[in-house]
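Q: Let the hints inform the model, and build the full structure from the sequences given.
Number of protein chains: 2
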Amino acid sequence: MRYKDIKKINIGMMGFGYIAHGVFELISEQKEYIRKKIGKDLEIIRIAEKDPESLKTIPHNILKKMSVSSDAEDVYKDLEVDVVVELIGGVEPTYGFVSEALKAGKYVVTANKDLMANRGGDLYRIAEDNNVDILFEASVLGGIPIIGPLKSTLASDRIFKIVGIVNGTTNYILTRMEREGLSFENALSMAQKLGYAEKANPASDIEGYDAACKLAILSSIAFNSRVVVDDVYKEGITRVTADDIEFARDMGYCIKLLAIGTEDDGKISVSVYPSLIPSNHIMSSIDDVFNAVYVYGSYIDRIMSYGRGAGDKATASSVVGDIINIARNFNRESKGIIYGCSCFEKKEICPIEESRSKYYMVMDVEDKPGVLASIAKVFGDYNVSINSMIQKQTDADGRAMLIFITHEAANRDLFSSVEKIKKLDMVNNIRSIIRVEDFD
Amino acid sequence: MRYKDIKKINIGMMGFGYIAHGVFELISEQKEYIRKKIGKDLEIIRIAEKDPESLKTIPHNILKKMSVSSDAEDVYKDLEVDVVVELIGGVEPTYGFVSEALKAGKYVVTANKDLMANRGGDLYRIAEDNNVDILFEASVLGGIPIIGPLKSTLASDRIFKIVGIVNGTTNYILTRMEREGLSFENALSMAQKLGYAEKANPASDIEGYDAACKLAILSSIAFNSRVVVDDVYKEGITRVTADDIEFARDMGYCIKLLAIGTEDDGKISVSVYPSLIPSNHIMSSIDDVFNAVYVYGSYIDRIMSYGRGAGDKATASSVVGDIINIARNFNRESKGIIYGCSCFEKKEICPIEESRSKYYMVMDVEDKPGVLASIAKVFGDYNVSINSMIQKQTDADGRAMLIFITHEAANRDLFSSVEKIKKLDMVNNIRSIIRVEDFD
Numbered sequence: 011m012r013y014k015d016i017k018k019i020n021i022g023m024m025g026f027g028y029i030a031h032g033v034f035e036l037i038s039e040q041k042e043y044i045r046k047k048i049g050k051d052l053e054i055i056r057i058a059e060k061d062p063e064s065l066k067t068i069p070h071n072i073l074k075k076m077s078v079s080s081d082a083e084d085v086y087k088d089l090e091v092d093v094v095v096e097l098i099g100g101v102e103p104t105y106g107f108v109s110e111a112l113k114a115g116k117y118v119v120t121a122n123k124d125l126m127a128n129r130g131g132d133l134y135r136i137a138e139d140n141n142v143d144i145l146f147e148a149s150v151l152g153g154i155p156i157i158g159p160l161k162s163t164l165a166s167d168r169i170f171k172i173v174g175i176v177n178g179t180t181n182y183i184l185t186r187m188e189r190e191g192l193s194f195e196n197a198l199s200m201a202q203k204l205g206y207a208e209k210a211n212p213a214s215d216i217e218g219y220d221a222a223c224k225l226a227i228l229s230s231i232a233f234n235s236r237v238v239v240d241d242v243y244k245e246g247i248t249r250v251t252a253d254d255i256e257f258a259r260d261m262g263y264c265i266k267l268l269a270i271g272t273e274d275d276g277k278i279s280v281s282v283y284p285s286l287i288p289s290n291h292i293m294s295s296i297d298d299v300f301n302a303v304y305v306y307g308s309y310i311d312r313i314m315s316y317g318r319g320a321g322d323k324a325t326a327s328s329v330v331g332d333i334i335n336i337a338r339n340f341n342r343e344s345k346g347i348i349y350g351c352s353c354f355e356k357k358e359i360c361p362i363e364e365s366r367s368k369y370y371m372v373m374d375v376e377d378k379p380g381v382l383a384s385i386a387k388v389f390g391d392y393n394v395s396i397n398s399m400i401q402k403q404t405d406a407d408g409r410a411m412l413i414f415i416t417h418e419a420a421n422r423d424l425f426s427s428v429e430k431i432k433k434l435d436m437v438n439n440i441r442s443i444i445r446v447e448d449f450d
Numbered sequence: 011m012r013y014k015d016i017k018k019i020n021i022g023m024m025g026f027g028y029i030a031h032g033v034f035e036l037i038s039e040q041k042e043y044i045r046k047k048i049g050k051d052l053e054i055i056r057i058a059e060k061d062p063e064s065l066k067t068i069p070h071n072i073l074k075k076m077s078v079s080s081d082a083e084d085v086y087k088d089l090e091v092d093v094v095v096e097l098i099g100g101v102e103p104t105y106g107f108v109s110e111a112l113k114a115g116k117y118v119v120t121a122n123k124d125l126m127a128n129r130g131g132d133l134y135r136i137a138e139d140n141n142v143d144i145l146f147e148a149s150v151l152g153g154i155p156i157i158g159p160l161k162s163t164l165a166s167d168r169i170f171k172i173v174g175i176v177n178g179t180t181n182y183i184l185t186r187m188e189r190e191g192l193s194f195e196n197a198l199s200m201a202q203k204l205g206y207a208e209k210a211n212p213a214s215d216i217e218g219y220d221a222a223c224k225l226a227i228l229s230s231i232a233f234n235s236r237v238v239v240d241d242v243y244k245e246g247i248t249r250v251t252a253d254d255i256e257f258a259r260d261m262g263y264c265i266k267l268l269a270i271g272t273e274d275d276g277k278i279s280v281s282v283y284p285s286l287i288p289s290n291h292i293m294s295s296i297d298d299v300f301n302a303v304y305v306y307g308s309y310i311d312r313i314m315s316y317g318r319g320a321g322d323k324a325t326a327s328s329v330v331g332d333i334i335n336i337a338r339n340f341n342r343e344s345k346g347i348i349y350g351c352s353c354f355e356k357k358e359i360c361p362i363e364e365s366r367s368k369y370y371m372v373m374d375v376e377d378k379p380g381v382l383a384s385i386a387k388v389f390g391d392y393n394v395s396i397n398s399m400i401q402k403q404t405d406a407d408g409r410a411m412l413i414f415i416t417h418e419a420a421n422r423d424l425f426s427s428v429e430k431i432k433k434l435d436m437v438n439n440i441r442s443i444i445r446v447e448d449f450d
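Respectively, the protein sequence lines represent chains A and B. Its first residue numbered 11, the first sequence is counted upward by one per residue in the numbering used here. Its first residue numbered 11, the second sequence is counted upward by one per residue in the numbering used here.
Note that these hints are calculated values from the structure, not bench results. Accuracy of the hints is not assured; some may be wrong.
Note that identical chains are pooled: a pair holds if it fits in a single copy or bridges any two copies.
Claimed, not checked - Here are the simulated lysine to any residue pairs, SDA-like style, with alpha carbons at most 25 Å apart:
{"hint": "1", "residue 1": "50", "residue 2": "345"}
{"hint": "2", "residue 1": "18", "residue 2": "347"}
{"hint": "3", "residue 1": "356", "residue 2": "67"}
{"hint": "4", "residue 1": "171", "residue 2": "295"}
{"hint": "5", "residue 1": "46", "residue 2": "360"}
{"hint": "6", "residue 1": "60", "residue 2": "90"}
{"hint": "7", "residue 1": "345", "residue 2": "141"}
{"hint": "8", "residue 1": "357", "residue 2": "43"}
{"hint": "9", "residue 1": "17", "residue 2": "347"}
{"hint": "10", "residue 1": "345", "residue 2": "51"}
{"hint": "11", "residue 1": "432", "residue 2": "196"}
{"hint": "12", "residue 1": "17", "residue 2": "341"}
{"hint": "13", "residue 1": "203", "residue 2": "185"}
{"hint": "14", "residue 1": "357", "residue 2": "39"}
{"hint": "15", "residue 1": "18", "residue 2": "346"}
{"hint": "16", "residue 1": "50", "residue 2": "140"}
{"hint": "17", "residue 1": "244", "residue 2": "99"}
{"hint": "18", "residue 1": "50", "residue 2": "131"}
Please read these numbers as outputs of a predicted model, since none were measured by experiment.
A: Shown next as structure tokens:
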């Protein structure tokens, strides 16, 4: 419902870094356009930022009309502020600021995946108690609308699976390994040089934490039950080798870091791991820093959204999109919930041991009669059946390499069989174990 | 804003065919789930349908609780009905029913692209005058959320280009021609056999009318200026040959029916035509009855949405998604606009003659010295420059075939050069002229 009487929405920003600057630019550039669209002006009236350098990008004549301080508290204590935009990042002390803002009756827009994936449930409870809402489209997949659609149009359907390439850094690294045959280490330093991976601490991306946050947020909405980042099983891409990429290609696959959430009979499985995917599937053409997410539902069958998952401009567009959603519904006299929390059910999280997957495995073995029979017997004993096998002669010393792809097997069985196979005399080494997602 | 006091939203359906049945099923199956999600029940209390056979799928105990008649008027005259779902189709007499429903203060949800692409502006005026809204997510791309995102999250950005594969029938036909080497006629009858193309009158799909309706709707929202279906330049796929598909493939392209809308400096271009697109671009992997649409904006860069563009279940999910959007905001005492009309600007529609494209052309010529020089001269005279050319020897009688791909050229220049080339003695026939979209 548009409240035509309210002509201006006052925005207070907590944190003024890279993305905040994009938000400022977008709101300034599109001021008139947004006014025509929603019948209201958006105006940043207050900023809290510790580093005065960050504010230098704001023209002086505009800055002098704003209230500026270094204290986040000043933003939510400002009675004139309608919407608080949180772009500080991290869980603490940000959680405190955001919860206080909600308690003060402010709507909150955030791009903070870390916060939402850890404390989203708590924040929703505070928002509901105070009859306001917290929106976070920008926290997942940058400029790609996915939270809005899941909370509105797709709210009619039962979503049972989500599969995404949700981290740009690892996708960039895997694309370089795929295209230029680079090792993981070389591709990582290339990503660091270009600013796609953090120099000091790339772990959050390459070890899957960033993707796990995004999956926790998406799964909470899709499956209507709270999933936090610690619920997500994580395996990064640090152990994927140039050989794996090459062998996978020979077998018609490429390797991507997937975030997969499923709901089956009231149980939720959430995992992030590198996976072989068929080279002819659309997901294999999601390259470089692009992201994509597949959503499967009983009525929609499947939909996929694709775009830039990061960057100041793309992320700013989602932040301002959320502000527009709030502005459209804004009435100072009677606030209210826009979408609200979707987690009205309480579903069990399945441990990874209970999951089922197909697996790709590479083993160094002695090239002797009977070796395959011995390995196959162990697999058989643990209900792991082999879909395809390729033998590669590695040297003249009687050693060979075996590459397997299995049918779907229980995680527990697979790793039990692997422990047994490792102990076989003729098996020297198990180099790689990577899951396979055939999208079937 | 959720109005918690209202516990039930009463739905009246005009028309009860294929998609309406999907809506009925979805609402019945997910009754409890939707109640938990939005705190309200959705209930179909009235149906208007001329063919009593159509109602046989509704269980008797449910049907007897509904009011049923054959007159659409009864639906909007029913004071108990909150939301009217229009699934009759066509522009007339449906326009009359829908406008009366809005005048009666009902929210309207429709899947009718024909109606929205012809009379959308008029309906919005009536809706605004009566402080209600009309939602039509299902009218474009079935189950893929695109109208909602354009009207909410993406509303912050300036959208300057839309490119879509928006018609499942033609995409199915082109996929069969590509994969099995079928002629257009054979692929069409295959599509007809499978129910993907209408038997009596496939023209609406294969000649581009259906795609043009969808493009008119999307462009109106994206460019904030009313575009009607008659504004759209249309070329169908009836003249695409098996040879074209093969030659395109040899040059690294496939052929898709594209709907393209652009806005540049206040001018809108809207066209539907078959086009060569690079085989390694994601759009080339949109096969069979699947649809996809790319949206380009100054902040988002580009996003793409993909999924099932038709079918009762996918379309029903969008209809019910719209009902949920209305239900969340519903207050009988004070109605209001949810998104409202986006067309607050009035932009000029560019005639196709002023457009610029790359072109693929196939000519039958005499295989004599000087023939290429003569053709190239004419192209040059009209500012058409050639990007690549392949000569194919067609027979021993001294005839050859030339395949050209041009650089970007003005439509007017290209067709003027073609008229001139046709008159050259050595040119026997110009078989094909198809645009090329390189997505660069």
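Q: Take the hints in turn and mark each one as holding or not.
A: How the hints compare with the structure:
no.: 1; hint: 50 - 345; result: both (17 Å within a copy, 19 Å between copies)
no.: 2; hint: 18 - 347; result: both (20 Å within a copy, 18 Å between copies)
no.: 3; hint: 356 - 67; result: neither (46 Å within a copy, 34 Å between copies)
no.: 4; hint: 171 - 295; result: both (20 Å within a copy, 22 Å between copies)
no.: 5; hint: 46 - 360; result: between (49 Å within a copy, 24 Å between copies)
no.: 6; hint: 60 - 90; result: within (21 Å within a copy, 57 Å between copies)
no.: 7; hint: 345 - 141; result: both (6 Å within a copy, 20 Å between copies)
no.: 8; hint: 357 - 43; result: between (44 Å within a copy, 14 Å between copies)
no.: 9; hint: 17 - 347; result: both (20 Å within a copy, 16 Å between copies)
no.: 10; hint: 345 - 51; result: both (18 Å within a copy, 23 Å between copies)
no.: 11; hint: 432 - 196; result: neither (30 Å within a copy, 56 Å between copies)
no.: 12; hint: 17 - 341; result: both (10 Å within a copy, 22 Å between copies)
no.: 13; hint: 203 - 185; result: within (16 Å within a copy, 42 Å between copies)
no.: 14; hint: 357 - 39; result: between (45 Å within a copy, 20 Å between copies)
no.: 15; hint: 18 - 346; result: both (18 Å within a copy, 19 Å between copies)
no.: 16; hint: 50 - 140; result: both (24 Å within a copy, 21 Å between copies)
no.: 17; hint: 244 - 99; result: within (21 Å within a copy, 49 Å between copies)
no.: 18; hint: 50 - 131; result: between (31 Å within a copy, 22 Å between copies)
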